[in-house]
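Participant: Heads up: the protein sequence lines correspond to chains A, B and C, in order.
Per our numbering, residue 1 is the first one in the first sequence, and the count goes up by one each step.
Per our numbering, residue 1001 is the first one in the second sequence, and the count goes up by one each step.
Per our numbering, residue 2001 is the first one in the third sequence, and the count goes up by one each step.
These are calculated hints, taken from the structure and not from any lab test.
All clues stand as given, with none of them false.
Under the rule of at most 30 Å between Cα atoms (straight-line distance), these lysine-lysine pairs were calculated in the BS3-like manner:
#, chain 1, residue 1, chain 2, residue 2
1, A, Lys123, A, Lys426
2, B, Lys1227, C, Lys2274
3, A, Lys2, C, Lys2274
4, A, Lys426, B, Lys1059
5, A, Lys349, A, Lys331
6, A, Lys426, A, Lys411
7, A, Lys411, B, Lys1059
8, A, Lys123, A, Lys349
9, A, Lys331, A, Lys123
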Amino acid sequence: MKYVFLGSFAVLAALSVVAGLWHPRQTDDRIELVWCTDDNPVRRGQIALFNELYPRYRLRIDPQNSGMQKVIVQSLAGVGPDLFDCYTGSQLVAYVRSGIAMDCTEALAERGIDIDAVWPCLKPLFVYEGRAYGHPDNANAYDIWYNKVLFDEAGEPYPSGDWTWDEFIEVAQRLTVRDERGRPVQFGFIGYWDYNAALAQWGADYYTPEGTRCVLDSPEAVAAIQFMQDLIYRYEVMPTPTEEMAMSSAGGWGTGVLGLFGAEKGAMALGGRWWLCLLRDEDYAHMRLGAVPLPHGPSRRQFGGGRATLVNATGQHIEGALTFMEYLHSKEWSQLVNRQADALGPVMKYHYGEYEDAFLHNPEHPEEDCNAEWRTALEDSVPLQVSSYVNGQTVERIMLVQLDLVKANLKPAAEAMRDAAEKINKAIVETLRIDPVLRDEYERAVAAGARPAWDDEEGAP
Amino acid sequence: MTRQTRRTVVALCFLLPNFLGFLTFTVGPVVFSLAASFTNWNLMKTVPLRCVWFDNYVKLITEPEFWLYFINTAYLMLGMPIAIAGSLFLAVLISQRLRGMVVYRTLFYLPSFTAGVALLILWKALYNPTFGPINLLLEWVFDGVGLVQLEPPDWLASTKNVLALAVERVEIVSRQFGLGARDALIIMGIWTAIGGGNMLLYLAGISNIPRDLYEAAEIDGAGHWAKFRHVTWPQLAPTTFFIVIMSFIGGLQGGFEQARVMTQGGPAGTTTTLAYYIYTKAFEEFQIGYASSVAWILFTLIFAVTLVNWRFGSRYVSY
Amino acid sequence: MSAIREQGGGFGKWWFRRGRFGASHALLVCVAITTLMPFSWMVLTSFKPLNEVQRLNPLPSQWHAENYTDVLNSKDISFKRYYFNSVFVAGWVTLLVCLTSSMAGYAFARIRWPGRDHVFKLYLATMMIPGVVTMIPNYTLMVKLHLLDSYVGLIVPAAFTAFGTFLLRQFMLTIPPSLDEAALIDGASHWQVYWDVILPLARPGLIVLAIFTFMGNYSAFFWPLVLIKSEHLRTLPIGMMYFDTVYGKQTNLIMAASVMNIVPLIVLFIVMQKHLVRGIQLGAVKG
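One chain only, chain A, in its complex shape (with noise of 0.2 Å):
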């Protein structure tokens, strides 16, 4: 036995080595900067320009998909990137207070990024009560997808952009296919259950303006989202979640709802400029693509969004991390970004003017000549309203828990939606008893005229 201890000892000690060695070798004496965000092959063409423009640094990529907690744990940890990507305003407003993205807004100023130059959209995900934190990577809108050759095969003319919901829905009925079972064949709509997009184009909100009070019962929300649901089960014209999670899988890069459109189950989507990262692949070449401004909904606003990326403020290399916010305001990446369709670029101007020509006609892909309906639609977009009295993970799991019953026609909207804005009023009720900071910032706006999360005194912190 004992003999078995050592060798087994001798034999992991070995490994040891070997695990030691198998590293990823640093090759040269260039700073390394790590940049956590998500690997893809558009990433990777990002990355290697970033590598040739800027020599002495290497940017290499940490790549992971299980949200936030790890970048401030680890950053408050002493371990964290020097670069880390953000989603939402409320992804942003957490990062800030957790002290883990740093202020750059006079080290940007000196570098001569101004930060106004960006689609405004984008605002929220870098910029809170004034001061700046990164730099954004990309933005995208929406705009309705649809595959020419379906609405050929259908005998159906190409939609032209100017259209109302109602005109929308009679050409997606035509359109959607379904089997003597009653299974369906091919959709006339699909679509990542945006709700975002919705609430936007019915004008509603999530809080009040100061973001005392979630107000998603009101009636535009009620609306908005009862129209999701009667694109599925009145209008039905969208997938149920059945069909939906039949097609797709885990989410992400080529999967889901995209990947669908791709196999041509679905003849309009509602998506962004990205998905020609996928859709550019030799598999999807018989298909033909069009794109066209979302149908009038009661308000012209659109959702708009994008990522960007923050400088950590426990980095190892501040100053590396500074340079790649000059390389994210360059010409050199936005007209790259437009190139991969990776969405758009975050900067307006390489949109306009002398750069109009470059952005609108990709020599690489002479058929996409749709790219000025995505500019159109950014000039439109709102960003998703934030509240800094309220976890923006705890929102979205309220939403989602909601929204899927709404989704499976388990509840009407109106009832979903005055649930959810109960909940999050509450959590924001919670947030307040704990946080003494916010709590002085909250009755200051109360006092100032904001409508508060509560209706009496009884629910008051």
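Please build the complex by placing chains B and C on the supplied structure of chain A, with the hints as guidance.
Facilitator: Using the frame of chain A, we list chains B and C on its own:
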């Protein structure tokens, strides 16, 4: 130094490596988490760490979420009796000194030995409502017997369940009746556990039953069932007791991997168990104080089961 | 026997006409098939081209073994590394657990000292502590010790188990005390008794513990999930999860990865199963 003291010192030296680790990674954390559960600890810098006494606990028992997730956890334990009965049944069958016993034992034990993320991913694919082999097979069978209008279950996409529990409140709603995500997890659980450690324990238990008890029963004219009823079952009582206790303990803290890999706790939170809830609260919403209090409630429940084990188990199980 | 035959009605007659074990065999075969179905689907799917995954036909029209090489050579996922990491981490944990547990077991089973049974009760009490209770403090501890994202952080917290101590104590109690008493009287030290007498005799118990520990840590999900950040430190279960995210649509590749994930476990089990079953019979529960 007396012999007694020397012996003690030697014993402690032997114990020390394990005991130090045990203190650092088990006892310490338990105490720490109890302390944390009385604080408002989250990771935001603006929140000063403060003792809030029982606030977390009060909040927890007054919040419907906790109870719903508790019910989810309990619901997923419904498969337990079936799995245990199945293990016993298989053990009885196998133990008849059949030819090929080793082969059966190996086959049945496979799922529990290989359980993990790979099998969860496998089952996720099996349960795919449209393209998964289970539903393809069901549809093929329905078509074959002419029940074309029958729809196979939506499995992981559905909030339905055999108890017809409503989604957001504790009540029974008839339209919730059916097979849904939780039932899918239960079926998977039974498949995994039925031939696992419990079956081996039963096999061991059966092989320890003195042969002469059966011979005596046969002389009394006992049939198969009578022998099982009067010899096997009572003789296996300690094993059964042990298995039930361990299953309870496992069930109460279970459901994390399934939720993380297969369902993200959905649809509509129906597969969120207490363990997964703690994870999301702590690692996604950073409410570490609150999450610790949920963990402690869970611990208290498990400890209660352990106490039952100690109080009554000593009759059966000798340590 | 005759008594049984007298009671038998229609079903009973059939049962016994078929021979005593015919029906049992039939039942067992049914269960075995049910058990194996998901596995066989997994293996068959892993050899299918993508466009055949969603069809009911069980066999692939062409056997695509390159699914496996695709997984192993994937640029996005360094599957080989995950394999190595899982085996490496589980190996270290197993060695350490066997060592520390057998030493502690020795202290509890073979030496008499004051307070022994109370300390053992404490061990027993904590055996039931759910992992979720200790995970937050342990994580915090790893943060403080700067062990996040490291092999050490994966290995050390798993290396001390109350269960192992309990199991090996049970085993050592079954070893006749005369053996080590004789050795001690001959002037052997406790360490020699432990190392030369008890350890060899506790072999069945050690093997069981080793198998369970290895298996548990090879498949461990939660701790690596929260602890590991770097790609090159991911273990198989975590790698599988990322794989599922990245290749979500390519069920055939995922199944190939799953097969490769569980094959080492199956081999381990088949090789070790005699020990495993005997070990459970010897020590875990005494009826």
